[in-house]
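J.: For reference, the chains in residue letters:
2 protein chains.
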Amino acid sequence: MSDQKITRRKMLKLSGMTIAGVAIGASGFGGVAKALGYDFMQVDDNTSTKNKINFYGRYQSGISTPVQKHVYFASLDTSLSTKEELQKLFQMWTPLAVRLTNGEPIGDSSSNAYVPTVDTGESMNLDASNLTLTFGVGPSLFDKASFGLTSKKPSELKDLPHFPKDQLDAALCGGDICIQACADDPQVAFHAVRNLIRAASGKVTLKWAQTGFNSMPKDGGTPRNLFAFKDGTVNPSKSEELKQTVWIGNGESKGWLTNGTYLIFRRIQMHLETWDRTSLKGQEETFGRHRDSGAPIGMKNEFDQVDITSTDANGKLLIPENSHISLAKKAKRSILRRAFSYSSGIVESTGNYDAGLMFISFQKDPQAFIDIQNSLGRVDRLNEYITHRGSAIFACLPGVEKGSYLGENLFSTL
Amino acid sequence: MSDQKITRRKMLKLSGMTIAGVAIGASGFGGVAKALGYDFMQVDDNTSTKNKINFYGRYQSGISTPVQKHVYFASLDTSLSTKEELQKLFQMWTPLAVRLTNGEPIGDSSSNAYVPTVDTGESMNLDASNLTLTFGVGPSLFDKASFGLTSKKPSELKDLPHFPKDQLDAALCGGDICIQACADDPQVAFHAVRNLIRAASGKVTLKWAQTGFNSMPKDGGTPRNLFAFKDGTVNPSKSEELKQTVWIGNGESKGWLTNGTYLIFRRIQMHLETWDRTSLKGQEETFGRHRDSGAPIGMKNEFDQVDITSTDANGKLLIPENSHISLAKKAKRSILRRAFSYSSGIVESTGNYDAGLMFISFQKDPQAFIDIQNSLGRVDRLNEYITHRGSAIFACLPGVEKGSYLGENLFSTL
Numbered sequence: 060m061s062d063q064k065i066t067r068r069k070m071l072k073l074s075g076m077t078i079a080g081v082a083i084g085a086s087g088f089g090g091v092a093k094a095l096g097y098d099f100m101q102v103d104d105n106t107s108t109k110n111k112i113n114f115y116g117r118y119q120s121g122i123s124t125p126v127q128k129h130v131y132f133a134s135l136d137t138s139l140s141t142k143e144e145l146q147k148l149f150q151m152w153t154p155l156a157v158r159l160t161n162g163e164p165i166g167d168s169s170s171n172a173y174v175p176t177v178d179t180g181e182s183m184n185l186d187a188s189n190l191t192l193t194f195g196v197g198p199s200l201f202d203k204a205s206f207g208l209t210s211k212k213p214s215e216l217k218d219l220p221h222f223p224k225d226q227l228d229a230a231l232c233g234g235d236i237c238i239q240a241c242a243d244d245p246q247v248a249f250h251a252v253r254n255l256i257r258a259a260s261g262k263v264t265l266k267w268a269q270t271g272f273n274s275m276p277k278d279g280g281t282p283r284n285l286f287a288f289k290d291g292t293v294n295p296s297k298s299e300e301l302k303q304t305v306w307i308g309n310g311e312s313k314g315w316l317t318n319g320t321y322l323i324f325r326r327i328q329m330h331l332e333t334w335d336r337t338s339l340k341g342q343e344e345t346f347g348r349h350r351d352s353g354a355p356i357g358m359k360n361e362f363d364q365v366d367i368t369s370t371d372a373n374g375k376l377l378i379p380e381n382s383h384i385s386l387a388k389k390a391k392r393s394i395l396r397r398a399f400s401y402s403s404g405i406v407e408s409t410g411n412y413d414a415g416l417m418f419i420s421f422q423k424d425p426q427a428f429i430d431i432q433n434s435l436g437r438v439d440r441l442n443e444y445i446t447h448r449g450s451a452i453f454a455c456l457p458g459v460e461k462g463s464y465l466g467e468n469l470f471s472t473l
Numbered sequence: 060m061s062d063q064k065i066t067r068r069k070m071l072k073l074s075g076m077t078i079a080g081v082a083i084g085a086s087g088f089g090g091v092a093k094a095l096g097y098d099f100m101q102v103d104d105n106t107s108t109k110n111k112i113n114f115y116g117r118y119q120s121g122i123s124t125p126v127q128k129h130v131y132f133a134s135l136d137t138s139l140s141t142k143e144e145l146q147k148l149f150q151m152w153t154p155l156a157v158r159l160t161n162g163e164p165i166g167d168s169s170s171n172a173y174v175p176t177v178d179t180g181e182s183m184n185l186d187a188s189n190l191t192l193t194f195g196v197g198p199s200l201f202d203k204a205s206f207g208l209t210s211k212k213p214s215e216l217k218d219l220p221h222f223p224k225d226q227l228d229a230a231l232c233g234g235d236i237c238i239q240a241c242a243d244d245p246q247v248a249f250h251a252v253r254n255l256i257r258a259a260s261g262k263v264t265l266k267w268a269q270t271g272f273n274s275m276p277k278d279g280g281t282p283r284n285l286f287a288f289k290d291g292t293v294n295p296s297k298s299e300e301l302k303q304t305v306w307i308g309n310g311e312s313k314g315w316l317t318n319g320t321y322l323i324f325r326r327i328q329m330h331l332e333t334w335d336r337t338s339l340k341g342q343e344e345t346f347g348r349h350r351d352s353g354a355p356i357g358m359k360n361e362f363d364q365v366d367i368t369s370t371d372a373n374g375k376l377l378i379p380e381n382s383h384i385s386l387a388k389k390a391k392r393s394i395l396r397r398a399f400s401y402s403s404g405i406v407e408s409t410g411n412y413d414a415g416l417m418f419i420s421f422q423k424d425p426q427a428f429i430d431i432q433n434s435l436g437r438v439d440r441l442n443e444y445i446t447h448r449g450s451a452i453f454a455c456l457p458g459v460e461k462g463s464y465l466g467e468n469l470f471s472t473l
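Same order as they appear, the protein sequences are chains A and B. The end of the first sequence is residue 473 by the working numbering, with every number in the run present. The end of the second sequence is residue 473 by the working numbering, with every number in the run present.
Accuracy of the hints is not assured; some may be wrong.
Copies of the same chain look alike in the list, so a pair counts if it fits in one copy or across any two.
[As the list claims (entries may be wrong)] Here are the simulated lysine-lysine pairs, DSS-like style, with alpha carbons at most 30 angstroms apart: (1) K359 / K109; (2) K262 / K340; (3) K375 / K461; (4) K391 / K375; (5) K313 / K109.
Since the hints were made in silico from the structure, they are not lab data.
Okay, chain A solo, but in the shape it has when bound (with noise of 0.2 angstroms):
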């Protein structure tokens, strides 16, 4: 972008593109870190491939980018120790990370038998599939001394409370680092992220990881969850509601994270069975909306405004108190939704669907999430039929453009 400035340094760095680029390709998986270690700036976004997202920018993609279909969520812990080794792993990933959005194979294959190839190759044949690769960092990570990052975490950056309704599971919590990549096909989206831990291994390892899908209507619409509501109605998408919500301006937090933003993760298991039991009304009074259409009760278009104060007749609210919108509503804040349905089987102990929902939301002040949450307390009707079992908090790195790389202003005296 235009407000980029690239250094004398950098373009010399630039100019040597042609000579790494080969340097890979020979030298085999062992020597991928290596090979790509300080060559950020030789990969540019491939803007001729098809269903393809740029990954240069302002901003990162997958956050105010279309929802694909297909997610794979990875959470990991770092055993590196100084914050020289973290930036170099945020440096080696950032050309991987272009070369998989543009649907290539992080390194040549091939190229000697007796080594591991660079790439694990199973996207071969497949095209970008409109991936996009979200990179955050955790509050653990700025806990740990050795870093020397304890004055660059925000304030904001902390484990969520507990909530009333919450029975999580640690080993779906937390983590140092969040790779989220989203994509139309399911197997380009675990690529992605089985090929930045493998550059990075002995670096980080896989603390948690969750798949997760969305189904996108024939007509274009809002997809729907698996309770059969539509998910994400009401939304920001225009530029500067954005802004509102989701990016951090300057000033509004630590420096580096200026154009980023707050991923929160919930791992919101949906009791498939005790749902498909209850009356349509119960079910939609327990929204807020009518399920076909998606509209407010009592209103006729998903999109139509809601307004919670509306009543019938009688003067009784339209839309009950304790429903989920209701009560969403209240909290008068606004975050960006971007969940994923999940389907992982069933719950052994139960015999249940182990299903639901991967919730993902981004905003600029994980307050807003709180604050939310909050107001959905004890009271929200959906509480009977979904029980919390992950959650964490992520800062999204701003975006990068190209010449720099992954975080590059955590790692600087900003």
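Following the hints, put chain B in place on chain A, whose structure we already have.
T.: Just chain B, lined up with the frame of chain A:
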């Protein structure tokens, strides 16, 4: 099909379809089973639907059907106790399966808001998505004395023997009944199974379930598994081959299984971390094929004939004797493979990917699979990289002709 005779009694029932059709919508969920119980003849394939695979036919769909992008595979146990109850279950499921493969809800929605809806609704606005539903019955079903089906149990229908490297988890094995739902959309596949189980509430319970995917190359070729190798290159496809390998002919088993087949399911965890540390040469010698092209080692093209005796200039076998394809070929047996990949987060105890292959094969004689597996034995180089965690066998019912129902001959005197 032309050889299907419709009896006069069936025709009389068929003429009542409109009335029964209305009754379903009005009766709410509680009435689905009742309303549809005996009206298995009323629903027809809607051949004008887009992305639609017919339900009716000599053979069940989902077997020789070109593989779809997604699968939801459910193994059920039943708490029913008489043959008549079991018969009614399959009679009830038949019209629901036709509706589902038509891309229709199993009943009208929203007709009475004070009862649960007939259909759970999450596939609204999605199309048929090439949904296929394949029903099978497991050995345990015949072992329940109260069904009186002991004499109908084919001798081939028994739990697979223990294979040398098996590390099976009982929670992922066996089952009385299976439903394989394949579709090009994950929500459509899940919706189908959920609604079939829900309509059979109190009659069946979910024993285990597994989701999987196939990522189709843009050039239309064979999909790659998570080891990046093409999976399913050698597969019977011509009508005559399928008759030899897959479809049980008249007199080849119990009469009720004519036009049926056996489904073998194996949940095979792939140790991606170990695989990814192996050289390309080692990987190719493990399978006996080149990774990128899929050709047998020493050949150029994927569909080149596999000759396990061909040697290089020094007389050394090109395809190692302990490679997967060499050993599999030595068994001289043919099966129809129809596999999917899976990726279900991580194995908590190890932190490794819980990912791999949902191996599904169809064969008229389960011994074909057993012979191949025994030939692989302890020798197969692939053993180092995989562990079998789940296992099941089901006798797949014959296809259903209009006017009949799933498994009719199992309950008749044939």
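J.: Taking the hints in turn, state whether each one holds.
T.: We went through each hint and held it up to the structure:
1. K359 / K109: between (38 angstroms within a copy, 28 angstroms between copies)
2. K262 / K340: Classified as between; 27 angstroms across copies, 52 angstroms inside a copy.
3. K375 / K461: Neither, since 57 angstroms and 51 angstroms both go past 30 angstroms.
4. K391 / K375: within (23 angstroms within a copy, 74 angstroms between copies)
5. K313 / K109: For K313 and K109, the Cα distance exceeds 30 angstroms both inside one copy (37 angstroms) and across copies (53 angstroms).
The structure fails to meet hints 3, 5 from the earlier list, while all remaining hints are met.
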